Each structure stands twice: as structure tokens, then as C-alpha cells.
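Trainee: Here is what each chain is made of, one letter per residue.
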Amino acid sequence: MHSFGYRANALLTFAVTILALMCAMASISDNFNHPSPSAHVEVLNINWFQKQSKGNDEVSMQLNISADLQSLFTWNTKQVFVFVAAEYETPKNSLNQISLWDGIIPSREHAKFWIHTSNKYHFIDQGSNLRGKEFNLTLHWHVMPKTGKMFADKIVMSGYRLPEEYR
Amino acid sequence: MGWIGETMDSIKSLQIRQVLTQAISLGMIVTSALIIWKALMCITGSESPVVVVLSESMEPGFKRGDILFLHMSKDPVRAGEIVVFNVDGRDIPIVHRVIKVHERQDTGEVDVLTKGDNNNKDDRVLYAHRQLWLQQHHIMGRAAGFLPYVGWVTIIMTEKPIIKYILIGALGLLVITSKD
Numbered sequence: 001m002h003s004f005g006y007r008a009n010a011l012l013t014f015a016v017t018i019l020a021l022m023c024a025m026a027s028i029s030d031n032f033n034h035p036s037p038s039a040h041v042e043v044l045n046i047n048w049f050q051k052q053s054k055g056n057d058e059v060s061m062q063l064n065i066s067a068d069l070q071s072l073f074t075w076n077t078k079q080v081f082v083f084v085a086a087e088y089e090t091p092k093n094s095l096n097q098i099s100l101w102d103g104i105i106p107s108r109e110h111a112k113f114w115i116h117t118s119n120k121y122h123f124i125d126q127g128s129n130l131r132g133k134e135f136n137l138t139l140h141w142h143v144m145p146k147t148g149k150m151f152a153d154k155i156v157m158s159g160y161r162l163p164e165e166y167r
Numbered sequence: 001m002g003w004i005g006e007t008m009d010s011i012k013s014l015q016i017r018q019v020l021t022q023a024i025s026l027g028m029i030v031t032s033a034l035i036i037w038k039a040l041m042c043i044t045g046s047e048s049p050v051v052v053v054l055s056e057s058m059e060p061g062f063k064r065g066d067i068l069f070l071h072m073s074k075d076p077v078r079a080g081e082i083v084v085f086n087v088d089g090r091d092i093p094i095v096h097r098v099i100k101v102h103e104r105q106d107t108g109e110v111d112v113l114t115k116g117d118n119n120n121k122d123d124r125v126l127y128a129h130r131q132l133w134l135q136q137h138h139i140m141g142r143a144a145g146f147l148p149y150v151g152w153v154t155i156i157m158t159e160k161p162i163i164k165y166i167l168i169g170a171l172g173l174l175v176i177t178s179k180d
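Same order as they appear, the protein sequences are chains A and B. Under the numbering used here, think of the first position of the first sequence as 1, with each following residue one higher. Under the numbering used here, think of the first position of the second sequence as 1, with each following residue one higher.
The hints are simulated quantities; they were obtained by calculation from the structure and are not laboratory data. In this text, all values refer to a predicted model and were calculated from it rather than measured experimentally. All residues carry an ideal CB built from backbone N, CA and C; glycine is no exception. Any given hint might turn out to be false.
For lysine to any residue, the following SDA-like pairs were computed, each having C-alpha atoms within a straight-line distance of at most 20 Å [as the list claims (entries may be wrong)]:
no. : chain 1 : residue 1 : chain 2 : residue 2
1   : A       : Lys149    : A       : Asn33
2   : A       : Lys133    : A       : Pro163
3   : A       : Lys54     : B       : Gln131
4   : A       : Lys120    : B       : Glu59
5   : A       : Lys92     : A       : Gly132
6   : A       : Lys92     : B       : Asp111
7   : B       : Lys121    : A       : Ser118
8   : A       : Lys154    : A       : Ser66
9   : B       : Lys63     : A       : Pro106
10  : A       : Lys146    : B       : Phe69
11  : A       : Lys146    : B       : Leu147
12  : A       : Lys112    : A       : Ser36
13  : A       : Lys133    : A       : His122
14  : A       : Lys78     : B       : Asn118
15  : A       : Lys149    : B       : Val150
16  : B       : Lys121    : A       : Gly103
17  : B       : Lys121    : A       : Phe123
18  : A       : Lys149    : B       : Pro60
19  : A       : Lys112    : A       : Lys154
20  : A       : Lys149    : B       : Leu40
21  : A       : Lys149    : B       : His71
22  : A       : Lys78     : B       : Lys63
23  : A       : Lys133    : A       : Ser158
24  : B       : Lys38     : B       : His71
25  : A       : Lys149    : B       : Glu81
26  : A       : Lys146    : A       : Pro35
27  : A       : Lys78     : B       : Pro148
28  : A       : Lys120    : A       : Met61
29  : B       : Lys38     : B       : Met28
The calculated label-pair distances, taken between Cβ atoms and stated as ranges, are [as the list claims (entries may be wrong)]:
no. : chain 1 : residue 1 : chain 2 : residue 2 : range
30  : B       : Ala39     : A       : Gly132    : 44 to 54 Å
31  : A       : Asn31     : B       : Thr21     : 42 to 52 Å
32  : A       : Trp75     : B       : Gly45     : 26 to 36 Å
33  : B       : Ile166    : A       : Ile18     : 24 to 34 Å
34  : A       : Ile18     : B       : Gly45     : 22 to 32 Å
35  : B       : Thr107    : A       : Trp75     : 42 to 52 Å
36  : A       : Met22     : B       : Asp75     : 26 to 36 Å
37  : A       : Lys120    : B       : Gly172    : 51 to 61 Å
38  : B       : Thr107    : A       : Trp48     : 26 to 36 Å
39  : A       : Arg167    : B       : Gly45     : 44 to 54 Å
40  : B       : Gly172    : A       : Lys112    : 56 to 66 Å
Chain A extracted, bound-state conformation (with noise of 0.2 Å):
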């Protein structure tokens, strides 16, 4: 009852129970964070707007990324990912999401940024409906812990418009 293959199972299965109990606990404790973050977007510059010989349109724009997220870090925050997606509806789709830029915050110091900067991917439609089109620029945050649930959440701001023509 008492052999060295007894006692180190009874260690093992005390240590990984106390390891998840912690790591559940570390999960847990980040629910008791109530983060306030604030964004800004601004386009400050259309590059470039046309039709490509595929039939699709794809614009370039100049963005101005403003943001506070400090308050979404906690001890058990590892990094935020956060990217500022463009919001639209057309004929065919009654939801576009294109990612326009992203980046990641690997601690509290640095969130709070403001970033210049041409958009990273691509924004192209699926068809020739972007000219005079209204869009949505949403700032979405992904907190991803040391250990344990992940959160995500947005701010949505409203109101852009893209050129009536192509340029």
C-alpha cells in the first residue's frame, strides 16, 4: 500500500488536479474584469479605387487607428489581438466582413497606440458594389489568456462612405 508506485501515482494525479483547479481559478478570475476601451478610426485618404479585370472592385485606403485598450489586460492576459475590420451590405450579401488591418498587443504598455497606415489586406468586394457605398469600420479585440477562456469584443463605428467614382 505504501510502495514508491503507489505514492508517486497518488503525487501525480494530487499535482495535475491542483494544476487545472489553478488554471481554472485563473480563468474564472478574469471574469471579474470590467474593461472599458475606446477607438478611433479615421480614413484619411482613399489611394486608389477601381475595378479589377476580374469584375471585382478593390480599393486602397489611408487609416488613422487610434485606441485605448489598457483596461482589458489582466494578470492572465498573455496578448490582445485586435483588427479593425470594414462592415458592409450589397445585393447579393447581406453581411461583407473584410479584415483591414491587425496587429498584436503583447502587453498593457502598449495598448494604447495610435497607428498610421495603409490597410494590410486586400478590401475587395465580391461584384462592383462598392462606389458611393456606406460601410462600418469596426475595431474587434481578442483576449487571449495565459491559460483559459478567451474573449473577444468590438466597438463598431458607423458613417463612412466610400467615392462615388473610381479614382
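Given chain A, work out where chain B should sit, using these hints.
Mentor: Just chain B now, with coordinates in the frame of chain A:
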């Protein structure tokens, strides 16, 4: 050396009834593990409720050896979600983030494009030949939670099958030689 002698003695003194009891206990353990796995599949609604991260394409968020807990619901896929999908013809699931979504007005079906956080290009190179988008039925689950490092056991067992055989052999030996 005395330990090996003891083991040989205990193997020789086996009785049929004892062996059968051991076999049944082993069977019970294996089947209860299977029951838990299937129950997890039911609860999370996903075909594989737990996956191991195999590549570095999602670093620094997910490293090789982390395990992900998946969830699947009928809600349409949205941008930003981390999804696990199988490409037609390949059986290794890929865990990447959705960067583009186009949802049809009439059918509600979605075209989805994914990309690994740590990759420079989107996943079109990984999809089947000439496939431009993923559909909802390719997606096996959304990542809801994660545990670091725990998946290394699976990776080691897959990449060095010898360890798997040694482990199962040792377990079998332990079951046979233990008296209760």
C-alpha cells in the same frame, strides 16, 4: 534484479479468473474514457472538442503543444473568430483566424477566408486547388479556451510512436502484475 524476479514470479502465478478481472477493469477504464470523449463531442457540438496546436502559424498567441477547447454552434462564422477547419483531402485540422466573411442574402451561406496570425499570406495556398473560400461545413469548431503545454504529450506520441508503444506496454505490464 530482485524486482525482475518478483515480476516473473507474479506472472507465473496468474490465475484465469484474476486475468479476466484485470482485463475487464482495463476495458472499463478505456470505455469510460471513450464515453467522456463522446459526451464532450455532444456538449460542445463539435467533432473534435479538443485539438492540439501543431504549427507555429498562430504565434505568439498559440504555440506548438497548446491545446484548444472548441465549441460549435449554428451561428454563422464571423470575422475574428479562431476556427478549426479541414481542407478537402487533408486530415490534419488547421487552426487559424477568420479575416474575411461574405454572407449571402438568400441562403445565409458564408464564404470565409482565414489566415494564421503569424503568417504573411492568407490561407488560399492551403485550400484545395482553385478553392478561394471556405464554407461553414468545412469548419469543425471555434476556439473558446486554451491550455498551454498540455498537448506536448500528444505531439510526442505522434512523432515518436515508440514512446506510445513503451507507454502502453508498461501500462499493460502494470495491470497484469498488480494484485488488485
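Trainee: Run every hint past the structure and note whether it holds.
Mentor: Status of each hint after checking the structure:
As the CA atoms of lysine 149/A and asparagine 33/A are separated by approximately 13 Å, the hinted pair is consistent with the 20 Å bound. Between the alpha carbons of lysine 133/A and proline 163/A the distance comes to roughly 8 Å, so the proposed pair stays at or under 20 Å and holds. This hinted pair checks out: lysine 54/A and glutamine 131/B have alpha carbons roughly 16 Å apart, not beyond 20 Å. This hinted pair checks out: lysine 120/A and glutamate 59/B have alpha carbons roughly 19 Å apart, not beyond 20 Å.
Taking the CA atoms of lysine 92/A and glycine 132/A, the gap is near 16 Å; set against the 20 Å cutoff, the hint holds. For a cut-off of 20 Å, the pair hint linking lysine 92/A to aspartate 111/B stands: about 12 Å separates their Cα positions. Annotation: proposed proximity of lysine 121/B to serine 118/A holds, straight-line Cα distance about 17 Å (limit 20 Å). Of the pairs offered as hints, the one joining lysine 154/A and serine 66/A holds, with about 14 Å between alpha carbons and a cut-off of 20 Å not exceeded.
A hinted pair counts as satisfied when its Cα atoms are at most 20 Å apart, and lysine 63/B with proline 106/A qualifies at roughly 15 Å. For the suggested pair lysine 146/A and phenylalanine 69/B, the alpha carbons sit about 14 Å apart, so the restraint of at most 20 Å is met. Annotation: proposed proximity of lysine 146/A to leucine 147/B holds, straight-line Cα distance about 8 Å (limit 20 Å). Annotation: proposed proximity of lysine 112/A to serine 36/A holds, straight-line Cα distance about 13 Å (limit 20 Å).
Taken as a hint, the lysine 133/A and histidine 122/A pair is honoured in the structure, with Cα atoms around 17 Å apart against an allowance of 20 Å. The hinted pair formed by lysine 78/A and asparagine 118/B meets the criterion: a straight-line CA distance of about 16 Å does not exceed 20 Å. With a C-alpha separation of about 15 Å, the suggested pair lysine 149/A and valine 150/B falls inside the 20 Å cut-off, and the hint holds. Note on lysine 121/B and glycine 103/A: the hinted pairing holds, with a Cα-Cα distance of about 14 Å set against a maximum of 20 Å.
Note on lysine 121/B and phenylalanine 123/A: the hinted pairing holds, with a Cα-Cα distance of about 15 Å set against a maximum of 20 Å. About 17 Å separates the Cα atoms of lysine 149/A and proline 60/B, which keeps this hinted pair within 20 Å; it holds. Taking the CA atoms of lysine 112/A and lysine 154/A, the gap is about 16 Å. The hint holds against a cut of 20 Å. Restraint check for lysine 149/A and leucine 40/B: satisfied, since their Cα atoms lie roughly 17 Å apart, inside the 20 Å limit.
At roughly 12 Å between alpha-carbon atoms, lysine 149/A and histidine 71/B fall within 20 Å of each other, so this suggested pair holds. Pair hint lysine 78/A plus lysine 63/B holds up; C-alpha atoms about 12 Å apart against a cutoff of 20 Å. As the CA atoms of lysine 133/A and serine 158/A are separated by approximately 12 Å, the hinted pair is consistent with the 20 Å bound. Only pairs whose Cα atoms come within 20 Å are accepted, and lysine 38/B paired with histidine 71/B is accepted, the gap being roughly 14 Å.
Of the supplied pair hints, the one linking lysine 149/A and glutamate 81/B holds, its CA atoms being roughly 13 Å apart against a limit of 20 Å. Distance check on the hinted pair: lysine 146/A and proline 35/A sit about 18 Å apart at the alpha-carbon level, within 20 Å; holds. Note on lysine 78/A and proline 148/B: the hinted pairing holds, with a Cα-Cα distance of about 11 Å set against a maximum of 20 Å. Simply put, lysine 120/A and methionine 61/A have alpha-carbon atoms about 10 Å apart, close enough for the 20 Å limit, and the pair holds.
The straight-line distance between the Cα atoms of lysine 38/B and methionine 28/B is roughly 15 Å, inside the 20 Å bound, and the hint therefore holds. Roughly 53 Å separates the CB atoms of alanine 39/B and glycine 132/A, a value that falls within the hinted 44 to 54 Å. Checked against the hint of 42 to 52 Å, the pair asparagine 31/A and threonine 21/B passes, with Cβ atoms roughly 46 Å apart. Taking the beta carbon of each, tryptophan 75/A and glycine 45/B are about 32 Å apart, inside 26 to 36 Å as hinted.
Checking the proposed 24 to 34 Å range against isoleucine 166/B and isoleucine 18/A shows it holds: the Cβ atoms sit about 27 Å from each other. In this structure the hint that isoleucine 18/A and glycine 45/B lie 22 to 32 Å apart at CB holds, the actual value being about 30 Å. At about 45 Å, the CB distance of threonine 107/B to tryptophan 75/A agrees with the hint of 42 to 52 Å. About 32 Å separates the C-beta atoms of methionine 22/A and aspartate 75/B, a value consistent with the hinted range of 26 to 36 Å.
Our hint of 51 to 61 Å for lysine 120/A and glycine 172/B holds, since their Cβ atoms are close to 54 Å apart. Under the hint 26 to 36 Å, the C-beta atoms of threonine 107/B and tryptophan 48/A, about 33 Å apart, fit the expected range. A beta carbon spacing of about 47 Å between arginine 167/A and glycine 45/B agrees with the range 44 to 54 Å that was offered as a hint. Distance hint check: the CB atoms of glycine 172/B and lysine 112/A are about 58 Å apart, consistent with the given range 56 to 66 Å.
Checked against the numbered hints above, the structure breaks none of them.
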